[in-house]
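There are 2 protein chains.
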Amino acid sequence: MMPTKVTIYEVGPRDGLQNEKGVISTEVKVEFIQRLVAAGLPVVEATSFVHPRWVPQLADAADVMTALGESGRGLPVLVPNERGLDRALELGLQHIAIFGSATETFAQKNLNRSLDEQFAMFEPTVTRARDAGLDVRAYVSMCFGDPWEGAVPIDQVVGVGKRLFDLGASQLSLGDTIGVGTAGHVKDLIGGFVAAGMRVDDLAMHFHDTYGQALANTFSALQEGITTYDASAGGLGGCPYAKSATGNLATEDLVWMLDGLGIETGVDLDAVVSTSVWMASHLGRPSPSAVVRALAQSPA
Amino acid sequence: MMPTKVTIYEVGPRDGLQNEKGVISTEVKVEFIQRLVAAGLPVVEATSFVHPRWVPQLADAADVMTALGESGRGLPVLVPNERGLDRALELGLQHIAIFGSATETFAQKNLNRSLDEQFAMFEPTVTRARDAGLDVRAYVSMCFGDPWEGAVPIDQVVGVGKRLFDLGASQLSLGDTIGVGTAGHVKDLIGGFVAAGMRVDDLAMHFHDTYGQALANTFSALQEGITTYDASAGGLGGCPYAKSATGNLATEDLVWMLDGLGIETGVDLDAVVSTSVWMASHLGRPSPSAVVRALAQSPA
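First to last, the protein sequences are chains A and B. If you count the first sequence from 1, position 262 lands on 262 in the UniProt record's numbering, and the numbers rise without skipping. If you count the second sequence from 1, position 249 lands on 249 in the UniProt record's numbering, and the numbers rise without skipping.
If you are wondering where the hints come from, they were derived from the structure by calculation, not from laboratory data. Some hints here could point you the wrong way.
Treat identical chains as interchangeable: a pair holds within one or across any two.
[Stated by the list, open to error] The calculated SDA-like cross-link candidates involving lysine to any residue, where the alpha carbons are at most 25 Å apart (straight line), are: (1) 187 with 2; (2) 162 with 112; (3) 187 with 1; (4) 187 with 285; (5) 162 with 123; (6) 187 with 260; (7) 5 with 167; (8) 109 with 295; (9) 5 with 151; (10) 109 with 2; (11) 187 with 269; (12) 5 with 262; (13) 162 with 147; (14) 109 with 94; (15) 5 with 224; (16) 5 with 187; (17) 187 with 7; (18) 162 with 145; (19) 5 with 109.
Computed from a predicted model, the values in this text were never measured in an experiment.
With the hints as constraints, model all of the structure from the sequences given.
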């Protein structure tokens, strides 16, 4: 029942860097993306076209994509709305991701919209993207717990996810945004989507390590047949030294487990580790990834 | 198949503190043990009677046990050999643990004996302990990988474990001493012991988080029916800031997962977290446990 092959969806350049305090130059961002692609990561989400007022770390999104040129066309970027889609279309990009909420409170706080109203915002974005031949991924955030509402009912998450999927997304990324989920909850949530008629290949899991659960949750999801996992090189965006730690699962920790399980990823672990060590030097602090710490300390 | 109830075997005062650089007073050690017992941890390994030349951090082992008095009689202590057993017997203790190796190289380096010779050392220790009515636990270290020999064959681990068990131990603690094991290997190792005629209730798992795998490995072992797990409050002994990080699984991270799975432990998570925050202040550095970091940062 466990897959023999898994796709790692690398979110370090976008989800990672948008949550880091350090200022990273456009040049370094471009090299970071190029190194991750060269390390064999099959999908690297490159940046976000969210307004710089909200995410100043990625204010140079267009510059990054322009510098990547032809090689960046196939990399997904996050777009919050039609305005972001316009920018992606101008640059000739082929993959976008939208970011929805599974809970009312987070929809209000993050999108300034009700849970229902978010669909009205995403509908024209997804429709226009699809009409232009673009592929659309939909993030569903707060799928397990929410800081304001506590545990999120599975029916509610499945309902939101299905509505986003039915707008025309090709894949849902189910996010444990605050990292509170545990392995049994993972199984139940996936089961809820399958019971609602979705295929496991339409789902990706996006775990955070805030409570140390990301890999245990991944092992649970593997047993349910999920084949796509989001992760962030070096655990970027999950710095344990910062109060705002979001705790992204480190790509290296994930690859270590998958390699051990004999599950193919195509990723060169050493190349990702050296990329993360290099990026940590630009951020001025060590990587929070356990595997990076362990391997970077070993004699080469 | 998953157990409904799990025993957490707390190793922080022994395995944790022996790997910490900070000097902790006898008084603080005693309070630490008392707080862990009060938090509902059913077994707290209190200290080690290894010669202070090897483990200076626990040179006050007899003082700690004397200060605990009657309440410490039921707590296990590590004894390396007959000399250590003598000290435990003098203090009227009822539970000891011995520490064996699954690999030739680690037996030589840690015990200054061959793999075969370790049994000759343990045999009189275990026999005398059992004759005196004591309970004996046997640690088997390097059960997954070894820094010198690489991956350790399952047959070899099962062979060593069975010999230690047959000396008269009541439980084997299978240690991933360098933290390299992954979830499939865990399943296979447990399967090897079961195929050799041992019961899952004779086995405990001792995972290290050096490569971030401890909870995924625990979730794998739970599915094989293992009911006892070693863990260290606050991840003591696994400081990510130190090059010598051994990476003990943090008790809090384990309890978070077990609580989420609805598996009973009897442990009061908040009480363990506050104990770890208090101990971190004595060590002068933050706890490496993800759950301690997350909960200690939350508004109470």
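Evaluated hints:
no. : hint         : in the structure
1   : 187 with 2   : both (13 Å within a copy, 14 Å between copies)
2   : 162 with 112 : within (21 Å within a copy, 62 Å between copies)
3   : 187 with 1   : both (13 Å within a copy, 15 Å between copies)
4   : 187 with 285 : neither (35 Å within a copy, 36 Å between copies)
5   : 162 with 123 : within (13 Å within a copy, 63 Å between copies)
6   : 187 with 260 : both (22 Å within a copy, 12 Å between copies)
7   : 5 with 167   : neither (28 Å within a copy, 44 Å between copies)
8   : 109 with 295 : between (39 Å within a copy, 22 Å between copies)
9   : 5 with 151   : between (31 Å within a copy, 23 Å between copies)
10  : 109 with 2   : neither (37 Å within a copy, 39 Å between copies)
11  : 187 with 269 : between (28 Å within a copy, 24 Å between copies)
12  : 5 with 262   : within (9 Å within a copy, 31 Å between copies)
13  : 162 with 147 : within (23 Å within a copy, 48 Å between copies)
14  : 109 with 94  : neither (29 Å within a copy, 57 Å between copies)
15  : 5 with 224   : both (14 Å within a copy, 24 Å between copies)
16  : 5 with 187   : both (19 Å within a copy, 20 Å between copies)
17  : 187 with 7   : both (19 Å within a copy, 24 Å between copies)
18  : 162 with 145 : within (18 Å within a copy, 44 Å between copies)
19  : 5 with 109   : neither (37 Å within a copy, 39 Å between copies)
Violated hints, in rising order: 4, 7, 10, 14 and 19; the structure is consistent with all others.
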